[in-house]
Amino acid sequence: MRGINRFIACTVCVVILSSLPLTAKEYLLHIKGDYLAFSYDFNQLYGEKVQFNFLSYTVTAQYIKIDLSSQAFYASGNILLKEGQKEIYGDELVFLPNEGKGLLVNYNKTIAFTPFGDINIKLLLENKKSIDSINVHKIRKSLFYFTGKDMDITEDLDVFGKNVTLFIEGFESFGLKKFKLSEGIKQIRSGFSIDRIWYNKTQGLIGRMSFVYQKKNKIDSLTQIDYEEHSILKNYQGLPRQVDLRTKNTVQINKALIFGLDANYNSSSLWNTRLYLDKKWKDTNYVLVDFTYNKPINQRGETWFGVLSQFESKKLGALTFSGRYEIHDQFLSELAYYKDLWKNLKFNFRSSYSKIQISGSSTFSEILTGGIDLSYSSRVFNLSTNYFLNSDLFGHQVLSQPQLRFGLNPFDLYNGLLTASIGNIFIWNSMKMDNVWQSNYSNNTVFKLTSKPVYFQKGLSLDFNIALEQFLEKEGRNFTSGGLIFNLKKTLVRGITLEGFYSFQSRRKTEGWLIEGTTSQDLSMVLRVNPSNKLNGWVSLSYDPKTDRFRQSFADISIGLVKNWKLHSLINYDFLLNRLNNIDLYLIREAGRFQIRFIWRSISRQILIELVPN
Amino acid sequence: MDNQFGRMYICSNIKIEKDLYTPAGITSDFNTQDKKVICFVRLNNINKEIQVRWKWYDPDSRLVRDTVQFDTLVNTREDFIMVQTLYDELDLTQIKKPLKGGVWTVVFYLENLLVGSMNFTLKNQAGKKRAPSPERKSPDIRSNLSDITCSAYPSW
Chain X
1 MRGINRFIAC TVCVVILSSL PLTAKEYLLH IKGDYLAFSY DFNQLYGEKV
51 QFNFLSYTVT AQYIKIDLSS QAFYASGNIL LKEGQKEIYG DELVFLPNEG
101 KGLLVNYNKT IAFTPFGDIN IKLLLENKKS IDSINVHKIR KSLFYFTGKD
151 MDITEDLDVF GKNVTLFIEG FESFGLKKFK LSEGIKQIRS GFSIDRIWYN
201 KTQGLIGRMS FVYQKKNKID SLTQIDYEEH SILKNYQGLP RQVDLRTKNT
251 VQINKALIFG LDANYNSSSL WNTRLYLDKK WKDTNYVLVD FTYNKPINQR
301 GETWFGVLSQ FESKKLGALT FSGRYEIHDQ FLSELAYYKD LWKNLKFNFR
351 SSYSKIQISG SSTFSEILTG GIDLSYSSRV FNLSTNYFLN SDLFGHQVLS
401 QPQLRFGLNP FDLYNGLLTA SIGNIFIWNS MKMDNVWQSN YSNNTVFKLT
451 SKPVYFQKGL SLDFNIALEQ FLEKEGRNFT SGGLIFNLKK TLVRGITLEG
501 FYSFQSRRKT EGWLIEGTTS QDLSMVLRVN PSNKLNGWVS LSYDPKTDRF
551 RQSFADISIG LVKNWKLHSL INYDFLLNRL NNIDLYLIRE AGRFQIRFIW
601 RSISRQILIE LVPN
Chain H
1 MDNQFGRMYI CSNIKIEKDL YTPAGITSDF NTQDKKVICF VRLNNINKEI
51 QVRWKWYDPD SRLVRDTVQF DTLVNTREDF IMVQTLYDEL DLTQIKKPLK
101 GGVWTVVFYL ENLLVGSMNF TLKNQAGKKR APSPERKSPD IRSNLSDITC
151 SAYPSW
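Quick note, the sequences are listed as chains X and H, same order.
Per the numbering used here, the first sequence starts with residue 1, numbered consecutively.
Per the numbering used here, the second sequence starts with residue 1, numbered consecutively.
Chain H with its partners taken away, still in its complex shape (with noise of 0.2 angstroms):
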């Protein structure tokens, strides 16, 4: 059974465990001060070249971030990785002003077939003021490829 998809989480970090992304603040309750939100994805036995995808829907159920634009190729040198590592930033300082609170969603596609959904709240809190977010000086698609971020286990 190869090219497995594991499981999917949603956090508020990454960290590096022998060698290999992990999930580090799961959880499911973010506010619109949060700078981030992650969706981390655990794939498994994987031998060759496969496409991934995250889109991210706010809580009208509009997509407000598609993956598909970036080059989400995973494992282009078609070795056996046991187990890969990968996740999606949704940064919330990039989104239009006013930030939707309520159940945001995040879908998952490997192959082009969706494998997994999650969802998150976002809670409006006000009276704390929102850190300037830094400007982005040109919009760069490809410096945006480390959003989507991969760490392999081979199976050597």
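For reference, chain X alone in the conformation it holds in the complex (with noise of 0.2 angstroms):
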């Protein structure tokens, strides 16, 4: 246990000494306590018979709660703000220390607000619904909690703790003099950091670095680069070591214009960049004019010019038209229109046409398509048309595909007992090949039935779903089939539910006067189990009455353990194979922001520490 104790804290530190950014933060709250502590995993503080410091007030309460995330501040039980011989007395205080604005409340025949700063009351009290769930018990809940009696919060939310003694799942760790407990929030805050330094078995060491550079309402700079080294790993085939560097930068020349630069770079010589213009009209209108260089590995480099638009009125329907072209002759555009003709009649307009050069080779593909929707939908039914053509200029060929859509809406029968649909969709289909035309016409016919579950007693329901297809078409391969689905579910007990599936398929093909086809059966039960929040899962088995021989089982299920670790298995047996296919054993942690998942795969008889975060 101590040796776990151990890696654990060493990984924490190193997770959380690997988020220390390397500017300068001062301090927004410095809080001193007789008991202060500090949820890492929820970012959530708590305190007892404190002092802080808001505005110009020396602040003494019995209570603090503070959840970062939210940024919600918050102290009760006999406070008293203090400004030399000035002495302000309350109840209760919310703050925002960032903004210098608080409200303080005294609960006596009436309720006596004592504002600090222009302030809105109600968002206020809004915001301290999430310190509600805020106490000591939820704190030492948690894997990884500090306790001291000094502790600083930064303008950027992060926490540091002076004299503090780490809690590894409750129990004590080790002592540290002074010490960053948090990993404050993701603002977007001009500097430098390292944002993860990690090892996995199967990607070796791997490191993220950022850069932020922020300008409000002008620039927006975020450089990121992802270091790996897998030398380190045993049998690693690929590259010795991978770096891959992003980039995006904007610059707000006026308010409806931005300029941009994008970048990529990976080691395994791959790189690109993107420069473009934006310019807006109202939320709906843009003219995007754009340069790219995009470099593949072992392969010719690619410049492309862009222009990409769209224009949107109400009356006159929306225009989208994309366009790009590269130095090497090859080009793309793309060409589209909508507008809603009537209240329920709408229009689809969309063309696109493309030429690029076939790989390896000097020659092109040349392919023009474009399609035209007009659908009517109403509480009946629904009917649409649509045009589809798809003409590759390069090989010759031309598909041209009209096609009919009909449709009842469901509706329902025995005050809504049973559901039913009927839809049909007819598409002829011609095309030309080596100057020949051909075509070719199909039919496509479906009925469905679902019925809402049956109770014949308490805890027992039956519902079923039937379907029919017909499919005709002008070669004659016609086929009926149909299928029909019945669920029973009786609940055992509270908690336990037994559930049988029957499904038969059907599909016959007719020819002449032959009739030929395939039926299949499954017969599956499940046994639910969720009699308490510790324990759920499911267990199933699935039998075929047609070769009277069982074939599968799986099993998921779900054991609470002490705290919030958690015992979660996947299992699956086959019974014609007669073997155990899989099974999945994860041991799971749930530490707010992030999750610990010990997991061992029968596959790949591997055992994996994962850290999520949630």
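Bear in mind the hints are in silico, worked out from the structure with no lab data behind them.
Keep in mind that the hints are not guaranteed to be accurate.
Lysine-lysine pairs mimicking DSS-like chemistry, simulated, CA-CA at most 30 angstroms apart [unchecked claim]:
| # | chain 1 | residue 1 | chain 2 | residue 2 |
| --- | --- | --- | --- | --- |
| 1 | H | Lys48 | X | Lys149 |
| 2 | X | Lys458 | H | Lys18 |
| 3 | X | Lys32 | X | Lys82 |
| 4 | X | Lys109 | H | Lys18 |
| 5 | X | Lys101 | X | Lys122 |
| 6 | H | Lys97 | X | Lys489 |
| 7 | X | Lys141 | H | Lys36 |
| 8 | X | Lys534 | H | Lys18 |
| 9 | X | Lys122 | H | Lys100 |
| 10 | X | Lys563 | H | Lys36 |
| 11 | X | Lys129 | H | Lys18 |
| 12 | H | Lys123 | X | Lys122 |
| 13 | X | Lys109 | H | Lys36 |
| 14 | H | Lys97 | X | Lys109 |
| 15 | H | Lys15 | X | Lys563 |
| 16 | H | Lys18 | X | Lys122 |
| 17 | X | Lys489 | H | Lys15 |
Quick caveat: nothing in here was measured; it's all calculated off a predicted structure.
From the two separate chains plus the hints, produce the assembled complex.
Given below as structure tokens:
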């Protein structure tokens, strides 16, 4: 246990230290108290008999509760704000130290509010809700929490503690003279930071660094570098290391005009860059002009110039155009138009043309596609007609496909006990190949009938689904298929339910007088167990009545252990092969902002440890 | 860390689970046709006799109920109790009509120290007739002690 504790403690130190920003921070709040506890899991602080600074006051209170994620600060119990000789008393103080605003409340015969700064009382009290769940018990149930008597919160909402003790899963671990307790929040502030240093068995040593530069309403810049060192892994087949650099930068020239530069570089000699100018009118109309250079691995680079625009108005509809030209004579374009013609009548047109060089040759593929849709929907039915054209100008092939769809909207029978729907699609295809036109057609009709659960007695219900499909086509490969599913549910005791499924599927092909086809059946049983928050899961067993054999069995069971530890297992047994196909076991610790998962997988025979942010 | 305030809820009902009261129908939205609003509180590790107190305020910030007038001592036998649950009911039928719609407030004190406050909204629901409120035969403060109801989960 001590060994595991040390490992986890070192891990958490690396994670926390790795997030240390290299820029200096100013303290927003300095808190002293008889007992202060900070939960790394929940990013929350709790304190008793505290003293802290707010505006020019020194505040004493019985309790303090802070939720850094929602930036809610709350103190209560015998509050005294003191500045020289001036003293103000209250029962609770809700405050925003970063904005220098707050509200002191006194509960006597009436409620008396003393505001500090220009505040929105309703908003402030609303924000207070996130501290309702904070208490010392919650903090002590954290996987990692720190206790001490002196803690500071910076402007970036990082928490620093002096002479603090780290507790891991409730066990006192070790003391620290001065330590950064939290990761703060990822505010977009200028500066350089190391976001992550980590090791895992498949990727090796991983690091991520970021550089952010921001000037409000003017400049936004984010550059990230990911580094992976693989050489320390045994039997690693790929490159010894890899660097990935990504940068996104925008300069706002004025409210409606943005200049941007994006670039990506990967050490496997892959890089691309994009320069663009984005002009907006209103919210819906824009023109974007860009220049892109893309260098794939072991291939010639491509230089593209492009324009993308959209104009939309309620009266005229929406028109979108994009066109891109590459200096080696490649071309891409797209035109789309959409309009609501009438209340339930919609019109849609789209067309695209592409001329792209075929990789490794000097020839080009040229394709023109287009389509028109006209659709009408009413309360009872929906009808749509569609025309699609695909013309391969290089291969001299043309596909022309008109389509007609008709469907009855689902309608209820017997006071909603049954719901039925009918749909039909008719497609006519014409294809031109080597100057010869060929055509075919098909018609597909689908009928569906579903029922609501019918209760025979308390805890016993039955529902079913029936579907029929008739497919007809010119070549005569017609078939009729049908299927039905019955679902019987029986609640055995509270939290334990047995479900039985029976499905029957049949597909019949008719050719002249000959009828041939296949049928399949499946009988499955699922036992669902959910008697408490600590235990839930299901076990299923499937059986084929046609061949009189069991097929597969699956189980998914989750058991709550002590504190927030949970054991989860996924098991699959194959009766045909007579063996356990797979067992996955998870030991999971839910820890507020993250999860620690110990995983064992039978297929790969691997044990994995994952730290997953929530 | 003994005699700790755990959590506070506003709810419409109370149920019993594993010998403890638990809040049911947790909500912050009520209407003037509702009969009661419950403020439920969970305390932890109680090892001595402690005083609890609720204060209820209407949207005009006026005090409408204060439990200080009742005997609201918890754990008078001074056992060690791991979890103590207790609640107070605001009987809306007993409040002077018409009921004020808006944001109401309830605050909870532990040993005369404010440890939590919560708000709930009471919406005016016009059109529906309120059921006549039961007449109080005689004001009996002691009978209202049942409003402050406790359940305890001893440490053994």
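Hint check results:
Restraint check: the Cα-Cα separation between Lys48(H) and Lys149(X) comes to about 26 angstroms, which is no more than 30 angstroms; the hinted pair holds. Distance restraint check for Lys458(X) and Lys18(H): the Cα-Cα separation of roughly 26 angstroms lies within the 30 angstroms cut-off, and the hinted pair is therefore satisfied. With a CA separation close to 16 angstroms, the supplied pair Lys32(X) and Lys82(X) stays within the 30 angstroms bound. At roughly 38 angstroms between alpha-carbon atoms, Lys109(X) and Lys18(H) are farther apart than 30 angstroms, so this suggested pair is violated.
Distance restraint check for Lys101(X) and Lys122(X): the Cα-Cα separation of roughly 13 angstroms lies within the 30 angstroms cut-off, and the hinted pair is therefore satisfied. With a C-alpha separation of about 50 angstroms, the suggested pairing of Lys97(H) with Lys489(X) is violated against the 30 angstroms cut-off. Annotation: proposed proximity of Lys141(X) to Lys36(H) is violated, straight-line Cα distance about 34 angstroms (limit 30 angstroms). The straight-line distance between the Cα atoms of Lys534(X) and Lys18(H) is roughly 15 angstroms, inside the 30 angstroms bound, and the hint therefore holds.
Taken as a hint, the Lys122(X) and Lys100(H) pair is honoured in the structure, with Cα atoms around 18 angstroms apart against an allowance of 30 angstroms. Taken as a hint, the Lys563(X) and Lys36(H) pair is broken in the structure, with Cα atoms around 35 angstroms apart against an allowance of 30 angstroms. In summary, the hint linking Lys129(X) to Lys18(H) is supported, as the alpha carbons are separated by about 28 angstroms, within the 30 angstroms threshold. With a C-alpha separation of about 17 angstroms, the suggested pairing of Lys123(H) with Lys122(X) holds against the 30 angstroms cut-off.
Taken as a hint, the Lys109(X) and Lys36(H) pair is honoured in the structure, with Cα atoms around 22 angstroms apart against an allowance of 30 angstroms. Between Lys97(H) and Lys109(X) the alpha-carbon distance is near 19 angstroms, which keeps this suggested pair within the 30 angstroms criterion. Taken as a hint, the Lys15(H) and Lys563(X) pair is honoured in the structure, with Cα atoms around 24 angstroms apart against an allowance of 30 angstroms. With a C-alpha separation of about 38 angstroms, the suggested pairing of Lys18(H) with Lys122(X) is violated against the 30 angstroms cut-off.
Among the hinted pairs, Lys489(X) with Lys15(H) is consistent with the structure: their alpha-carbon atoms are about 28 angstroms apart, no more than 30 angstroms.
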